[in-house]
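> Use these hints to put chain B onto chain A, whose structure you have.
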Amino acid sequence: MIKAKEIYLSYDENRFIIKKGNFQIKPREFVFIGGASGSGKSTLLKSFYGAISLKHGQLIIDDKDISSPSNRTLRSVRKNIGVIFQDYKLIKEWTIEENIMLPLKINGYSSDISKQQAIKLLSHVKLSHREGFYPSQLSGGEQQRVAVARALAHNPKIIIADEPTGNLDDSSADLVWNLLKNANEQLGITIVVVTHRVPRNFGIGFRQLSIEDGIIYEVC
Amino acid sequence: MVLFMKSVKNIFSFVIPLCVMLITFSMYIFTEEIIANYKTQISDDYSIVVITNTPLIKDDINSLAGINVKKIVTLEKEEIIKKVKDSLSENSIFLLKQRLPFFYTLHLETFPTSSQLEQIRKELAKIPNINKIEIFSKDHNKIFSLLILNQNIIIVFFAISLLFSIILFSKQIQIWFYEHQEKISIMQLHGASILYSASAVIRDALIGAFIAFLMVSSLLLFLFENLTIIFPPELHSIIQLEASLNIEFVYLFFLSMSISITTIIGVLFKYKIRKYG
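Top to bottom, those sequences are chains A and B. Residue numbers for the first sequence follow my numbering, so the first one is 1 and each next one is one higher. Residue numbers for the second sequence follow my numbering, so the first one is 1 and each next one is one higher.
Since the hints were made in silico from the structure, they are not lab data. We treat Cβ as the ideally placed atom computed from N, Cα and C, and that holds for glycine. Just so you know, nobody snuck in bad clues.
Quick look at which bits of chain A chain B covers, simulated, 3 or more residues with Cβ under 8 Å:
1. 75-86
2. 96-108
Far from chain B, some chain A residues (derived; all Cβ distances over 12 Å):
3. G34
4. Q58
5. R130
6. G132
7. Q186
8. G205
Isolated chain A (complex conformation) (with noise of 0.2 Å):
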């Protein structure tokens, strides 16, 4: 569960990018967080696993009070989420396989499990044919499944995707979509997804938050 009290997010003392916040998103639910450039979206996820700090207000995520962390909150919070960015994050210097063993390496599996999650992950995302290969030799779309699959990779409550379809043709970003709907459905992981543009005929029930003059407003 992520629970938000009137939380204040801003870069400087001059200006909140965020004003009085107040969400709830539940367990299991799939969440578009929508607004035009610059209104704040992706400063608002950045506050769900610590990126940024609240200025003011409360934030509660799977429990744990987010507000102020020390360093040892923020690492658990992280470790039990997962992330998916528009621009991918993967490590170039690591084959996917290891790119998608890295959240439960840092979770403390072994490397067997580890490698062995990993490959049934790349075939969840319809990857088997690229093990062994760096991030560099794969397309967008490929690369974002990738991240996907490291999002899925230890099985967290939450998963929170920063644009996850931005950089990705139509028939990509499809892909994407049904893997992040499968993750919800399926194995109940909560989704919150920053976007611009919510995609037509999704298929599945979600919410719908939306950011305009930094006030967070639920779209009907």
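Frame of chain A; chain B shown alone:
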């Protein structure tokens, strides 16, 4: 292959300053041992002459200025009388023998420093039956000053190279951090600790430290095996070191590792403060 070559290049830019520092440290140890060896050798040749009214008992002077007295040698009166014997009668010689004081040379176990020598003079002067003391301080100081000068030059050189090496290591580790910054941030975004996410940097630094240790140890081994070729024959008696190279290797290993680990911790701490501060 490119990544491997880059990694090797990176490691060597860390290894070179570390080698310089380890070589200077070895030179310091080596000089220390040569000086200790030389001190023992010259202490055998060096002695203090004392003149007393009554015979000197060894047990009364077991140590001077904290240095054990190795032996007290009595200078025979006969030797002194022999020089003037021809011009004196039997009776005069007998009387001279009765009146001549006792001459001794004191041999110390180690070579004293100039301040110890002064202390020795004071301690001997306190003994009531000693009339005269000759410590040959002028000769002593000449030799000893040269040794101390050498030793201090090496210490200063070692301190300077240590300082510059640490600056170079920390810069190199910072460069590694910048090179690995993207990787480190991705790992930290997934909840890795700074220690875990910087493991590649730490691994390279430790490999570098080990390579530097191996290189310097090999060089040292080679030098020790060929000391008599490297140094001129006049110095062979001084450089016959009995020092155990194994202990020197242990020193080098710990110095190499501790300098690397300390520098890594310093840079990690700085990185952590900057990241979360």
